[in-house]
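Chemist: What follows is each chain in one-letter form.
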Amino acid sequence: MADLKSTFLGITSPNPFWLASAPPTDKAYNVNRAFEAGWGGAVWKTLGEDPPIVNVSGPRYGAIHSNERRVIGFNNIELITDRPLATNLNEMRQIKKDWPDRALVASVMLPMNEETWSKYLPMIEETGIDAFELNFGCPHGMSERGMGAAVGQVPEYIQMASEWAKKAASVPVIVKLTPNVTSILPPAKAALDGGADAVSLINTINSIMRVDYDSLTMYPTTDGMGTHGGYCGEAVKPIALNMVAEIARTKETRSIPVSGIGGITDWRDAVDFLALGASNVQVCTAAMVYGFKIIDDLVDGLSSFLDDKQLTLDQLIGKAVPSVTDWQYLNLNHVEKAVIDQDLCIQCGRCHVVCEDTSHQAITHTVNGERHFEVIDAECVGCNLCVSVCPVDGCITMQQLTEGTDPRTGEPISRIKANWTTHPNNPMRKTD
Amino acid sequence: MNSAKRQPDIRGNRLDKDEIAINFSDLHPPLSRSEALIAADRCYFCYDAPCTIACPTGIDIPGFIQKIRSDNLRGSAHTILRENIMGGMCARVCPTEVLCEEACVRNTHEEKPVEIGLLQRYATDPIFDQQVPLFARAPPTGKKVAVVGGGPAGLSCAHRLATLGHDVVVFNRDSKPGGLNEYGIAAYKTIDDFAQKEVDYIVSIGGIELRNNTVLGQDFTLNELRKSYDAVFVGIGLGSTNELGLDQESLTGVDSALEYIAELRQADDLSRLPVGRRVVVIGGGMTAIDIAVQSKRLGAELVDLVYRRGPEQMGASQYEQDLAKTNGVTIHHWAKPVELLGDEHVATIRFERTALDSNGRLSSTGAQFELVADTVFKAIGQLLDVGVLGADTVGLEIRNDRIVVNDVGRTTLRKVWAGGDCVSGGDDLTVTAVQQGKIAAIDIDRRLRKE
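Respectively, the protein sequence lines represent chains A and B.
Those letters in the first sequence? Residues 2 to 433, by the working numbering.
Those letters in the second sequence? Residues 19 to 469, by the working numbering.
With the rest of the complex left out, here is chain B (with noise of 0.2 Å):
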């Protein structure tokens, strides 16, 4: 067969509205009273707590969990959200089996360990629906910072900077506010609208200006901020996507799995959303899994996952890697793309497979195959724009594609902190975003009583 002649099948409609409505309803269900009475019965209450270490943000997790067995919903939701304000979002997203609950000291007891996600879920969900409020804000400062991104890290700083009584504009790029979390993350993870409810929680606070629409390096620069501002905090994410570095990668349907995601986050009937009949995957982080998995709850025959390492090296958990095999997902390791294949419309993708040399490197054992596809996503990692930045933006340290920070965000450059995925030593994990944007807000708040 003459792969270079096949018409795409790419067409909404594979999967009625009940069937959709299904895959992507909650993955993980809420707890209800009693399952969460019962989990949080579990909890230890560990001295010096291994979970709590293993935290990111270092929630105080036995605390909150004592706190749900006494039904202290709204100190437990206190608890959790006065060290991580997207705990909301955590619960829903955290990869607990590598965190917190891969800590827990009842795996060393009996291999199950205590549902950390699904309590903090539940303690949190309330104060969201409910919108209670937990936090005052300190008497005003007089100061005030602008953060550029509004995703987890711009928030998060924004938050915390809100609460300690500065003013705070946050200037963000979408037409919505959240970053990834509206736009990135895989639906069934974070449904009915959450991300905007945490959103609207954190501004709740006062004291936030959300600028929505705006772009760094087109409608403002850094060194404007840096002049009308008392300090900036930069969140900006990474902005652009890897590509394949392949002849061809501008055929359609060579698409950027974010962007599709972002579609998908978007869109008002799934059902309706174009989606291709044989999908392939090229890449074995979180966002991989996501497309995969969501391409096949749409409803496409065959999707391939395909990952020049083995599963060990892959950035997406075990977890993760098990849920992608469970929906459908056909995992291919060690290989690469080498030829993507077709006129106009990609056809078939030909890769290579992959071995480590003797010196431990990744090369190519000359073996090939071909997957037929309608759809080809791309999912191997994201760039920094370093382009908005602005070329007048000298002494801004940027290092292997990612801003240089110290240990409280602080940048090379005066006034300027920064935070999230667009930062060094990141893992690309919404709870680290929160710290960073966190630990940052604290700083600015010791650097502007000092002035």
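Only chain A is shown next, with the shape it has when bound in the complex (with noise of 0.2 Å):
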């Protein structure tokens, strides 16, 4: 099995899976637990000033389900840590003393003055974590209060509080982000120019679940009224994954280490994030939905996938950057067509009736008055439309042409390269 030793910004953790900061990591209870399950390291939850925040007593999460009830999407307004500092503290270096090869972070979140981050942060660092997270992402509440995204949507701000944090501390820093913003680039720069040693994304989006169709008030409520949370899951990481792929391949954002958060589930959406340019992961969601034990699939199913593709957990970290890139650099001359396994297929007309309706008339419903699905290739533009809907893995596949005409456009197949740059129909074409 390979070795899923992680170090990240020089903290080693016996694999790569951190738990994030959040009601999974409040207190020593569940910290020990997650430890004993076989968690690599875990980010404290969130660290306040005293007096600490209230919590409400009433429904703190909302989820978007399946038919099978199975959790898709997950929203929460939960507030930082209701303990007091010391009884925290007093857990924090408890744990440290107890998992020593196991990594902790302590995240924070205080208020914008430097005389509070040059108070609080040796005093937490005393505990001896090994890193600081500066919760910059937290979307409801303590933003109301001017902290968490309020401060991550203002890159000044992070850049402040990245310098105010690096002079105070002596272990590193990681700057947590979040993703309401129009682009992650500037609070990623931000906390690149202020000194910070990595940054961590995503943190929650802002997110109302639904409305109670009874009451037709929003869903939940306290106490009939509610606010807007974070929203994180497995619905997220696309949106995560995006993120993390252009800090990793923009040239001014790609030294910065980061960390990756935003709805892994298994281990695959663990690859996800390593081969996008992440250096480790952040779990919460899938911890709260199943428990702690999901690690041992995370572990094990990663572990073997680096056997079968002979690679080491470093080498598979940002292997998938290259491969993004913008739209305009695309090959405007690769053309792929979609084929149906007749073998496979089961005959539903799913993938008849999405072409037929939405896209471009490209899978017959009827052949020889027989029901038969076939893709018409001088229709198909090779959309994946179809692939998307199948219900039957591996049934419709793309297949290039390499040759001949595309019966489509009548043009040629050409093993030349051009993308829109070049492209007669572009105006601002680059010419020779």
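Rather than coming from a laboratory, the hints here were simulated on the basis of the structure.
Do not take every clue at face value.
Some residues of chain B that are not near chain A, with every Cβ distance over 12 Å (derived) [what the hints assert, rightly or not]:
#1 P26
#2 R155
#3 A156
#4 S193
#5 Y206
#6 D265
#7 H363
#8 G408
#9 L414
Which residues of chain B face chain A? A partial, calculated answer using Cβ under 7 Å [stated by the list, open to error]:
#10 L55
#11 D59
#12 Y65
#13 R87
#14 V123
Don't be surprised by glycine CBs; every beta carbon is placed ideally from N, CA and C.
Each chain sits in its own coordinate frame; assemble them with the hints.
Modeler: So, in structure tokens, the structure goes:
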């Protein structure tokens, strides 16, 4: 089995799976259970100033379910830790002592003045933590008080607070970013410029789950009133992956290490983040939905995958980044057509109806009077819609045309790559 | 042993009330909401769905399942009932394994179809339980239609006609409406008086007058109806049962399966219903299975079902055959009854082994065997009771013991339509009768609006 020992900012952990700063890491009891289960590290639930904040005594979570009630998306309005700072610090100290091989990171959220940072950070660092994570991400509650996402949405604040933190701390500083921004690059750049050692992303996304169909109020509510929460879970992974990849592939930001967060549920999700540039990953929702035991699949699934691919963990990190580019650089001479494997086809007709109703009328319904679904190459633009909706894995595949002509356009297949930057239809095209 | 001297052992109280309650509880218990949502999630929402094509009434199955997924049960029930007003009963009695569920593409994918029948029941049960009106009548047309027969075909026809604005009188032979739904289907398939709930729902649309205990050929004639109504629909089913054609068929203990099932369905206390210790059933259709299994569940010790051909030729589906076997019924294929033995009461029935000869015809092999019987049930099909149609219905074509109709249910007699088991081209299924009643009603409406 491939070794999953991970080093992130010099911090070692037996695997690259840390629990994200969230309810699962609120106290020693939970973190002990997590480490017993095999988690590589934990980012302690965000610490703040005393007196501690208070949380609502009512629904803090909401979920979007499949019909089988599998949780697809998750939402929370819980604030940072509501326990006294000293209680948390004592427990953190003990945890670090009991679990010296695991990564322990302190998440912090403090008001925007330097004195507070220089007062609290050394006090927290004294527990023996391996790093700080600055919570500039929580989009609910604390952001109304000028913290969390309110900082993360202003690059100048990120840079300022990163500088304060670096001055006050001797352990590495990770800046946790909010996705509630137009582009993730300015916040990432600000963290880098402020001297931060790494960024972690994404925090949760502003969200309202739904309305209650009886009361016609938003759902869930606290005594009839609700507020937006932070959205997370499997549904947000693609948003997170894009942001991670953007940082990893952009010249100005790619030097900063990334801890990937957002919907990681099984080992394949971890592969996504690592290959797109994250150096380790953090998990919360999956643990909150299934318990800490999911670490078993994360660890041995990733390990088996690395064995199969004959890669080390380090070699996997960033492996897919070079494949991410701008649309304008995509090869417009490349032609693919969908192909339906008739032996696997179960005749549901979904490919036909979606292509017929919403795309290019490129899949038959009847051939010689028989129910038969087949791609019409002269119409198929290779859009992948049929592949996406087909219920049978592997039944419809995309296959590249490498020679002859494209029956749709009548144009010969060219082996020469050509993209929009040189396309004759592009008024801004580059000319020699 | 001289079997002719055996005393018949036919009595009630073979099982106590609790055992009977279990034996006659719902054969397929309804789905809970979470079960239904999971089952519904398995539907692929096929295009031009094979299940819908396979449904004799053409219910938009993916459409109603989609509405179950979104908790839109009223919409789901409407999607079902607008094509098949007896969608509740059909959800219980349809041989789905040879109709919609056989066509389900999930069979190809994983050999387990979507549970369409149970989902259909899930969607429609609340509508019948709470009698939720889903249909409104069109403005009155002033036309009056007579429907002869209160079974699935007649009631389906009546409901559609009433919906379209016509007034309908249903002439029903029995003391209760519902036909075979009320009298002929195994009790554990339609518990809690569902057949009457369904009739109540159908009639609640208004414009349907139900006249029970009115018998065609006795209380009125077809020609009288033709004179006093704008149109007549005949859905009289098959009024008499086939005979074995053996000597001594009048021995007591040689009974019609359908008559016994009717008695069973109307019994207040099943534990007291007399049943033989040894029951022999002749036949291979759904009724044969129903009588065999119900006899077993009433406490008969040994139930033998004898069919003259093989399992593939049985009218009962594979599921029904398996149901009989798991209930302890012994099925004998390739044998036909040749002699009934007994004084006054049947004691033994003798069979001859059959086989297909070189021409593919059924013939006797000469080998014989006997089965001891307290009761012999005949379940070898039914006959059209031609007599009730009246001698004055000249021009009504009857062929192969069925009323001849075209594809919209018109008979050869002006103003007369027909549907259900009594017409040609049927398959003796409730769902087919419902469809035939429906399409006849649509054609009657079209005709009446032209007049």
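Chemist: Min Cβ distance, R87 (chain B) to chain A: is it shorter than 7 Å?
Modeler: This hint holds: R87 (chain B) lies near chain A, its Cβ roughly 6 Å from the closest one there, short of 7 Å.
Chemist: Taking the minimum C-beta separation from L414 (chain B) to chain A, is that value above 12 Å?
Modeler: holds, 37 Å
Chemist: If we take the beta carbon of R155 (chain B), is the closest beta carbon in chain A still more than 12 Å away?
Modeler: holds, 31 Å
Chemist: Does the nearest C-beta of chain A fall within a distance shorter than 7 Å of the C-beta of Y65 (chain B)?
Modeler: This interface hint holds because 3 Å falls under the 7 Å limit.
Chemist: Take a quick look at Y206 (chain B) and tell me if its Cβ sits farther than 12 Å from every Cβ on chain A, holds or violated.
Modeler: holds, 29 Å
Chemist: Compute the least Cβ-Cβ separation between G408 (chain B) and chain A, then decide whether it is above 12 Å.
Modeler: holds, 45 Å
Chemist: Would you say S193 (chain B) is clear of chain A, with no C-beta pair closer than or equal to 12 Å?
Modeler: holds, 45 Å
Chemist: Can we confirm that no CB of chain A comes within 12 Å of the CB of D265 (chain B)?
Modeler: At about 54 Å from chain A, D265 (chain B) clears the 12 Å cut-off, so the statement holds.
Chemist: Any Cβ of chain A at or closer than 12 Å to P26 (chain B), or is the non-interface label fine?
Modeler: About 55 Å separates P26 (chain B) from the closest Cβ of chain A, which puts it past 12 Å; holds.
Chemist: Restraint: D59 (chain B) near chain A, CB-CB cut 7 Å. Satisfied or not?
Modeler: holds, 4 Å
Chemist: Was A156 (chain B) rightly flagged as not at the interface, with every chain A Cβ beyond 12 Å?
Modeler: holds, 32 Å
Chemist: A closest beta-carbon separation below 7 Å is what the hint needs, so does L55 (chain B) meet it against chain A?
Modeler: L55 (chain B) check passes; min Cβ-Cβ to chain A is 4 Å, inside 7 Å.
Figure legend: structure checked against the earlier numbered hints; every hint is met.
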